[in-house]
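Colleague: Here is what each chain is made of, one letter per residue.
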Amino acid sequence: MKTKYLLPNSWRPFGVALTLITVPLTLCILIFGEQFPLLGNAIPTPFRFEIPDWSYPENIFLKQADGTVSLQIVDELLGLGVITGLFITGFAKLKIEEERIAQIRLESLQWGVYANFIVMALCIIFIYDSWFFTVMIYNIFTPLLIFVARFYWLLFVNQMIEGKNERNLV
Amino acid sequence: MKNRIRIERAILNITQADLADRLSVSRQTINAIEAGKYSPTLALGMKIAREFDKTVNEVFELEEGD
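Protein sequences appear in the order of chains A and B.
Heads up, the first sequence is in the working numbering, so the first residue is 167 and it goes up one at a time.
Heads up, the second sequence is in the working numbering, so the first residue is -7 and it goes up one at a time.
Please keep in mind that the hints were generated in silico from the structure rather than gathered at the bench.
Fair warning: this is a prediction, and the values are worked out from it, not measured in the lab.
Here a beta-carbon is modelled for each residue, glycine too, at the ideal position from N, C-alpha and C.
Please note: incorrect hints may appear among the correct ones.
[Unchecked claim] Only pairs whose alpha carbons sit at most 30 Å apart, straight line, appear in this in silico DSBU-like list of lysine-lysine:
1) B/K29 with A/K330
2) B/K29 with A/K261
3) B/K(-6) with B/K39
4) A/K261 with A/K170
5) B/K39 with A/K259
6) A/K170 with B/K39
7) B/K(-6) with A/K261
8) B/K29 with A/K170
9) B/K(-6) with A/K330
[Stated by the list, open to error] Now the in silico label distances, taken between C-beta atoms and shown as ranges:
10) B/I(-1) with A/F292: 55 to 63 Å
11) B/I6 with A/M326: 43 to 51 Å
12) A/W177 with B/N49: 16 to 24 Å
13) B/A9 with A/D241: 18 to 26 Å
14) A/T250 with B/N5: 26 to 34 Å
15) A/Y171 with B/D45: 32 to 40 Å
16) B/N5 with A/N175: 45 to 53 Å
17) B/E53 with A/D295: 57 to 65 Å
18) A/Q276 with B/E56: 52 to 60 Å
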């Protein structure tokens, strides 16, 4: 089957590894916040960078004499890592890429989009003020997260059913 | 959608894996089609029929609700 717009199969292990590293780390940061070793004050210099003040206008107190703002980039790197890892994991070809896999992938993607808009609708109804925007930021990741989770869950279930059928035939 | 793939395979004496190899799909897909859990696209349906030297109508049959 000709598949357009999918990444090569050889990228998949890299995507899976990146996801397995960045998702737990990001969860740790969300749970432990500044207390997490990667985020505290003792951030090594390579993980700090300076951004122009127009991209961070509300934090004028952090502004330095030269008009730049110094930030640590661990959370930015992890955010990019999560997106890249999940994207590659979900959109890299499987070893045998055929129409049933394409259908499972498409249905999983549909679940991801549904989940995203359901969370958004619930937030509009139940959550207000700055907490609303915080939840919305995390909601950006739901389509990819639900898509990848559902896709691999269905592949796993199919494999289990297949194994069961084989055992029954023996 | 009902189909006669299992019967046709038996006539040709080939396994699901053999048929899957010939069609460049996974064995799970052939298994799902045979069990009626997955309806193939027209292209794959035609390829399956061609393997058995039959027409699509001879291999696949619509059921109520399809």
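Colleague: Any hints this thing doesn't respect? Which numbers, in order?
Modeller: 11, 12, 13, 14, 16 and 18
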